[in-house]
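K.L.:
Spelled out, the chains give:
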Amino acid sequence: MSYSALLTDRDLVQMYRWLVLVRAFEDRVCDLWTMAKLMELPHGSQGQEAISVGACYGLRREDQVLPSLRTRGAFFLKGISTRIQMAGMFNKTTGAAEGRASSHHMGDAKRGVLVGSGIIGASITVGVGAALALKLQKTDHVVLNFFGDGAAQRGDFHEGLNFAGVFKLPVVFVLENNGWAEMTPVAKHFAGQDFACRAQGYGFPGARVDGNDIFAVYDAVQSAIARARAGEGPTLVECVTYRLRGHCENNPVATCRPMAEVEAWRAKDPIPKMRGQLLERGVLTDATVASIDAEVAADIEDAIAFAEQSPAPDVNDLCKHVYAPESADLVAGRRS
Amino acid sequence: MREITYREAIREALREEMRRDGSVFLLGEDIAEYGGVFKVTDGLLAEFGPDRIFDTPLSESAIVGAAVGASLMGMRPIAEVMFADFTTVAMDAIVNHAAKMNYMSGGETPASLVVRMAYGAGPRWGSHHTQSVESWLTNVPGLTIVMPTSPYDAKGLLKAAIRTPNPVIFLEHKLLYGKKGEVPETEYLVPLGVADVKRTGDAATVVASGLMVDRALGAARALAAEGVSIEVIDLRSLQPLDEDTILASVEKTGRLVIVHEAPVRGGFGGEIAAVVANKALGFLDAPIQRVGAPWTPVPFGQTLVDAYVPAEAHIVTAVRATLGAAGV
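For the record, the sequence lines run as chains A and B. Under my numbering, the residue at position 74 of the first sequence is numbered 74, and the numbers go up by one with no gaps. Under my numbering, the residue at position 241 of the second sequence is numbered 1241, and the numbers go up by one with no gaps.
The set of hints was computed from the structure by calculation and includes no laboratory data. Hints are supplied without guarantee of correctness; some may be wrong.
Claimed, not checked - Sample of chain B residues at the chain A side, in silico, Cβ under 10 angstroms:
no.: 1; residue: G1142
no.: 2; residue: P1240
no.: 3; residue: L1247
no.: 4; residue: E1251
What the hints assert, rightly or not - Stretch by stretch, here's where chain B covers chain A in the computed footprint (C-beta under 8 angstroms, at least three residues):
no.: 5; region: 89–103
no.: 6; region: 106–115
no.: 7; region: 134–140
no.: 8; region: 320–331
Just so you know, even glycine gets a beta-carbon here, dropped at the ideal spot from N, CA and C.
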């Protein structure tokens, strides 16, 4: 019996709804970017939504996620609202770090989201450290550590996975292999056949799954989570997918990709795929599909209105939060 | 009062803070079973066990990166980077992650950690095991940079460093590990950011850090024999920088010599000179002098190392230069 076979109809509809929300959010912010309404340059995850939704569905609040650039769904599934994500993209004080960080690197300690990194791959060791803490604290919570194929070429991939393997840490490395590191195809930055086999060299299992199949992702990650909770250590889950947008909205896909490749992957889009499966099983109807689309659209428009009405950061707070507050017996004389 | 070594003082600080706070733990290369290559952590494994102090792979980036991640979960890691020269490998975790966590989380999750490292020349260990790296890090907002010179300060500053919620780089000079000094057995803290006037004088001010404080005190004794009384300030931390103590001294003496072991050019002495030039120029009776290493990697053999590291004679010469100056 697979983990996904145990999902109820309610779970399935909920997962589908998350997919639709992530896609609609990403598409809408790309539109807003072209209209010069956003402060944050979008790094779209269109095409990869099944990974963040499939991996994060069913996580505990205490479980930690460390999102990559393309893990928008992780924020939503961990309970960060569309409003807060959108306010982050508008660089408002209601968004990430009161307007000090971009939405896709935001953390939220209360909800189990670790602060991400603009240094691609560097977050791998940070996520490993969070898993180290969970182990030292004798919990059975886990860390989902997301990164892409580009990040997997960083030295931190090696240091992080080796460290996690040595200490049998409760971490699942979710590698979003979307075929492209910025504008460089994976075949030009990787001579190997797959990434999953690297796990063997670190003494733990690796799995390679169809990242556009939400059930394949869910099953592989749930299996890895069970292993981690049981104290058996890390797993590397390589999710093969495709990024349908450019690296960011400054690099339109048509300027840097063979469009035949893009079209071939559009046919494997994870969202119509899941929708078709659920319609066929009778879990979804055309009416519920339409109502989900409408609800999601309303949610996003509400978030945009919220973001537009939120205050921008105050320049008088320019040097706020450089240091956490300290008592005078520990530190004297901080100045900017 | 009892006397213990700088090494023992650091170990005491670690032991006391580990006993006080169960979230404090130590990670690094060869620190547990072997007790550290400088034996600073010797004996801690026996008392605290392998969940509180453990050996890691040779992975400085993962050591500090994991310390950052663990701190986000409420732990208080103390990472050891065996030689300060290896900071380069951990630089991203220090500069882009530890230093910026409080800021990028809007004040929610500072990286509450200490990175201890041994720095400085003296032993014949060549260009990759002897550098004074502090100025690589002093231009990074979010960091605190500490350089203790005495056993008393090493213990009190480290205890404060472990308790502050902000990330601290704790630089231990490898020639100081065996130095003895008075350390009370009762609990105390030395706050970060407060310089210490080690010797008062009125002819010139010498501002120094780390091992160079001892060299400056040696120079002060030599000059005192000639009837020249200089004031010696131990910065103790570069970030925060105790500007008030420096400025008050310069306003009294009118002359300033800055000493550090790192190369003069681009060194932190330039920052101190700029602060004094900006805030106390009118008090200066002579141009500011800087003493530091020449513009070369740290050499290997003893003859060249001796020529490289600032000595008392260099400091005496610099003080005489300020005294001989006719004024600015």
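K.L.:
Work down the list of hints and note, for each, if the structure agrees.
P.N.:
Right, here's what the structure says about each hint:
A distance limit of 10 angstroms between C-beta atoms decides the matter here; for B:G1142 the minimum to chain A is near 6 angstroms, and the interface restraint holds. Proximity of B:P1240 to chain A holds as hinted, the smallest CB-CB distance being about 4 angstroms (cut-off 10 angstroms). Checking B:L1247 against chain A: minimum C-beta separation of about 12 angstroms lies over 10 angstroms; hint violated. The beta carbon of B:E1251 comes no nearer than 18 angstroms to any beta carbon in chain A, farther than 10 angstroms, and the hint placing it at the interface is violated.
Counting residues of the region 89–103 of chain A whose beta carbon lies closer than 8 angstroms to any beta carbon of chain B gives 5, which reaches the threshold of three, so the coverage claim holds. Evaluation of the coverage hint for the region 106–115 of chain A: fulfilled, as 5 residues show C-beta separations to chain B shorter than 8 angstroms, against a requirement of three. Under the rule that three or more residues need a Cβ within less than 8 angstroms of chain B, the assignment of the region 134–140 of chain A holds, with 3 such residues. As drawn, the region 320–331 of chain A meets chain B at 11 residues by the rule of a beta-carbon pair under 8 angstroms; at three or more, the given contact holds.
Violation of the numbered hints given earlier is confined to hints 3 and 4; the remaining hints are satisfied by the structure.
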